[in-house]
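> Using the sequences provided together with the hints, build the complete structure.
So you can see what is in the structure, the chains are spelled out below.
2 protein chains.
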Amino acid sequence: MTHFVLRCGRCDRRYAADMTTLACEHCGTPLDVAYDASAPRYLRGRHDMPLPLADPASALTLGEGDTPLVPLPAIATEVGLDRLLGKLEFVNPTGSYKDRGAAVMIAVAREQGITEIVEDSSGNAGAAVSAYAARSGIKAHIFAPATAPAAKVAQIRIYGAEVHSIEGSRDDTADAAVAYSRDNKIVYASHAWSPYFPEGTKSFAYEVVDQLDGLPPDHVVFPVGNGGLLLGAYAGFRELLEWGHIGDMPRLHAVQSQSVMPLVEGMAGREWDSSTATTTVAGGISVVAPVRGAQVIDTLRATGGSAVAVLDEDILGMQRLLASGEGVFAEPTSAAAFAGLKLLVWDGVVERGGLTVVAVTGFGLKDKLPE
Amino acid sequence: MTHFVLRCGRCDRRYAADMTTLACEHCGTPLDVAYDASAPRYLRGRHDMPLPLADPASALTLGEGDTPLVPLPAIATEVGLDRLLGKLEFVNPTGSYKDRGAAVMIAVAREQGITEIVEDSSGNAGAAVSAYAARSGIKAHIFAPATAPAAKVAQIRIYGAEVHSIEGSRDDTADAAVAYSRDNKIVYASHAWSPYFPEGTKSFAYEVVDQLDGLPPDHVVFPVGNGGLLLGAYAGFRELLEWGHIGDMPRLHAVQSQSVMPLVEGMAGREWDSSTATTTVAGGISVVAPVRGAQVIDTLRATGGSAVAVLDEDILGMQRLLASGEGVFAEPTSAAAFAGLKLLVWDGVVERGGLTVVAVTGFGLKDKLPE
Numbered sequence: 000m001t002h003f004v005l006r007c008g009r010c011d012r013r014y015a016a017d018m019t020t021l022a023c024e025h026c027g028t029p030l031d032v033a034y035d036a037s038a039p040r041y042l043r044g045r046h047d048m049p050l051p052l053a054d055p056a057s058a059l060t061l062g063e064g065d066t067p068l069v070p071l072p073a074i075a076t077e078v079g080l081d082r083l084l085g086k087l088e089f090v091n092p093t094g095s096y097k098d099r100g101a102a103v104m105i106a107v108a109r110e111q112g113i114t115e116i117v118e119d120s121s122g123n124a125g126a127a128v129s130a131y132a133a134r135s136g137i138k139a140h141i142f143a144p145a146t147a148p149a150a151k152v153a154q155i156r157i158y159g160a161e162v163h164s165i166e167g168s169r170d171d172t173a174d175a176a177v178a179y180s181r182d183n184k185i186v187y188a189s190h191a192w193s194p195y196f197p198e199g200t201k202s203f204a205y206e207v208v209d210q211l212d213g214l215p216p217d218h219v220v221f222p223v224g225n226g227g228l229l230l231g232a233y234a235g236f237r238e239l240l241e242w243g244h245i246g247d248m249p250r251l252h253a254v255q256s257q258s259v260m261p262l263v264e265g266m267a268g269r270e271w272d273s274s275t276a277t278t279t280v281a282g283g284i285s286v287v288a289p290v291r292g293a294q295v296i297d298t299l300r301a302t303g304g305s306a307v308a309v310l311d312e313d314i315l316g317m318q319r320l321l322a323s324g325e326g327v328f329a330e331p332t333s334a335a336a337f338a339g340l341k342l343l344v345w346d347g348v349v350e351r352g353g354l355t356v357v358a359v360t361g362f363g364l365k366d367k368l369p370e
Numbered sequence: 000m001t002h003f004v005l006r007c008g009r010c011d012r013r014y015a016a017d018m019t020t021l022a023c024e025h026c027g028t029p030l031d032v033a034y035d036a037s038a039p040r041y042l043r044g045r046h047d048m049p050l051p052l053a054d055p056a057s058a059l060t061l062g063e064g065d066t067p068l069v070p071l072p073a074i075a076t077e078v079g080l081d082r083l084l085g086k087l088e089f090v091n092p093t094g095s096y097k098d099r100g101a102a103v104m105i106a107v108a109r110e111q112g113i114t115e116i117v118e119d120s121s122g123n124a125g126a127a128v129s130a131y132a133a134r135s136g137i138k139a140h141i142f143a144p145a146t147a148p149a150a151k152v153a154q155i156r157i158y159g160a161e162v163h164s165i166e167g168s169r170d171d172t173a174d175a176a177v178a179y180s181r182d183n184k185i186v187y188a189s190h191a192w193s194p195y196f197p198e199g200t201k202s203f204a205y206e207v208v209d210q211l212d213g214l215p216p217d218h219v220v221f222p223v224g225n226g227g228l229l230l231g232a233y234a235g236f237r238e239l240l241e242w243g244h245i246g247d248m249p250r251l252h253a254v255q256s257q258s259v260m261p262l263v264e265g266m267a268g269r270e271w272d273s274s275t276a277t278t279t280v281a282g283g284i285s286v287v288a289p290v291r292g293a294q295v296i297d298t299l300r301a302t303g304g305s306a307v308a309v310l311d312e313d314i315l316g317m318q319r320l321l322a323s324g325e326g327v328f329a330e331p332t333s334a335a336a337f338a339g340l341k342l343l344v345w346d347g348v349v350e351r352g353g354l355t356v357v358a359v360t361g362f363g364l365k366d367k368l369p370e
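Just so you know, the sequences run in chain order W and G.
The opening residue of the first sequence carries number 0 in numbering that gives the first Met the number 0; numbering runs sequentially from there.
The opening residue of the second sequence carries number 0 in numbering that gives the first Met the number 0; numbering runs sequentially from there.
Everything labelled a hint here was simulated from the structure, so no lab data went into it.
Among the clues, some could well be false.
Any copy, or any two copies together, can satisfy a pair, since identical chains are not distinguished.
No more than 20 Å apart at the CA atoms, straight line, and that leaves these computed lysine to any residue pairs for SDA-like [what the hints assert, rightly or not]:
id, residue 1, residue 2
1, K367, A153
2, K367, P148
3, K367, V152
4, K138, M18
5, K138, G324
6, K367, D311
7, K138, R319
8, K367, G159
9, K138, I185
So this is what it looks like as structure tokens:
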């Protein structure tokens, strides 16, 4: 662990890389991993990628990543684009992109001798963390809202995790997890807070560039709740850019539900009134107070990207078209990105002739079944 | 279509390769694809593989295949093996290995100008065929037993297929599909009958050999209903053997449920009494009269393999251990293969020191949720 530290992106303070330091003690900002020049790199496709592991033998895998990148011609026509590709992140061992982040976060935990963890999740992160915890012999406590889809909760449970079902809001669930972690002195391995989670999801960027023969796309669109994939992808593209493997940073865009849109309002310079939150079919991005919200907004701005909010009926329409027009069955949260893309094209933010990639984050069977 | 014909494996008669000739007109045996020496091959990992397409541009893909091959140490200990790998076939675009077969079968249909098909399935094949049909603009009618899991039926439906729900046995469903196909003059694109389906699943063998750096495993264990993966894998290993890419044919083993075990009885030289069939948690292999049953038995014998039957309680126990011990959430049908492997090791058929691969065929969320 001499090759990397945890760094505050706001005030640049450094901390030793352990599993318990999550926020800057000075300003409260969630931390990121910072590597020194000697950090070992791990082959990822055609490039080498640094990882926050002291020993390569600590790596943990269920075969996550290497997901398909496929043309989506029916959706391209619907939204008004010439070139649209879907990165099918649901073709992962637990059915969502969260496997990338969980694999690295749990490998770090195991390397540091952690045997028990706490996490809170509306479902997909809980399943991913539970699966990789099971694979590494770590006991997992997963706090989930009582309203989480039955399929996701059943999946978490069969991996052997202890599910703590919490009444109230998604924030109440997070509060309960933090309290349990503190009271029982168990590591809070939160996909939202942990600096190691985006270090796992950054492989998304490496793969996209490899699959496009070294050329980055012009735009990448993500459904965003906590931003676990968007932030990781940005870290990956930035590494590739710094080392001269790509010449341009793609513009990254975030899509939220109109029911819960703190980042969309934040991008517009407004404070979102969380008392206006309503339920949405896009449960995976229904995050009222994203821990790394400021970082997501900084990232969008740094890439010239944007954030848009969409309606449930448009999300469900896109879910149907994805399945019946492309053969791609995604959960509503993932379909939201395509509804958002349609607005971005309409607004002229995404140009017809550019190459756009959309992250299709979760499998359709993970959420409530469509009628 | 000059590069291949359809061939009867029993009486060696040849037929033109279309989508409507399914059985030998002389002896009723389901047909196989036979290539001539000029057949074009398609790069698959490190090897070239022939496919039944006249034009490479006809290929159809959602990114199926290239599934993970991962060590399963907890199950290895449980069954008494030193070296056990799981080929995670559920990490496919619709959540099962059926995508390999459907991709090729539907590509052939599209190349031949077919616009509407009929298929019958307990779920996974129906979902795969529906997804690839959606992707190629073909209308699919899927006949499914009224008892098929709700998740699988919902998945078929969202891909835009018309679901025909049939009361009665799995065989009644097949009969209804055949009658509908005949009465409405719609092609019967059956994963059980079609010679093109195993041409798709044979990529399984090419990948395993690639992932093992050119060395085939000693044993491969499959859950078997119709044998769609086992037969394809055999075809693939045989091609690799004939062309000198591997030196030995692995021994292929079939696992069935004790509730429905025509192949296990067939291997023992007995006729299975189908009136003894009972329901099983392993719905995907609950096939009372497998269309290619004789071919499966010939294949097992040709490789020195065997067939065993397992109990539901052992299947569910393996499903739990796979999830909690390995982080792998498979449907009960897939877990059956591990319960069978335990018997094969116990019987001395599979030796402790050999390298064994098990096909983990379907995702856990596809079936009824575990309690």
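> Please go over all the hints and tell whether each is borne out by the structure.
Hint check:
1. In this assembly of identical chains, the alpha carbons of K367 and A153 lie at most 20 Å apart whether taken from the same copy (13 Å) or from different copies (10 Å).
2. Taking the closest pair of Cα atoms, K367 and P148 come within 20 Å of each other both inside a single copy (6 Å) and across two copies (14 Å).
3. Taking the shortest alpha-carbon separations for K367 and V152, both the intra-copy value of 12 Å and the inter-copy value of 13 Å come in at or below 20 Å.
4. Taking the shortest alpha-carbon separations for K138 and M18, only the intra-copy value of 15 Å comes in at or below 20 Å, while the best inter-copy value is 52 Å.
5. Taking the closest pair of Cα atoms, K138 and G324 come within 20 Å of each other only across two copies (11 Å); inside a single copy the shortest separation is 42 Å, beyond that limit.
6. Taking identical chains as interchangeable, the C-alpha atoms of K367 and D311 lie at most 20 Å apart only when both belong to the same chain, with a minimum of 14 Å there against 27 Å between chains.
7. Taking identical chains as interchangeable, the C-alpha atoms of K138 and R319 lie at most 20 Å apart only when they sit on different chains, with a minimum of 15 Å there against 38 Å within one chain.
8. In the homo-oligomer, the alpha carbons of K367 and G159 lie at most 20 Å apart only across protomers (18 Å), although the nearest pairing inside one protomer, at 22 Å, exceeds that limit.
9. When the C-alpha separation of K138 and I185 is checked against a cutoff of 20 Å, the pair qualifies only within one copy, where the shortest distance is 10 Å, while the shortest distance between copies is 53 Å.
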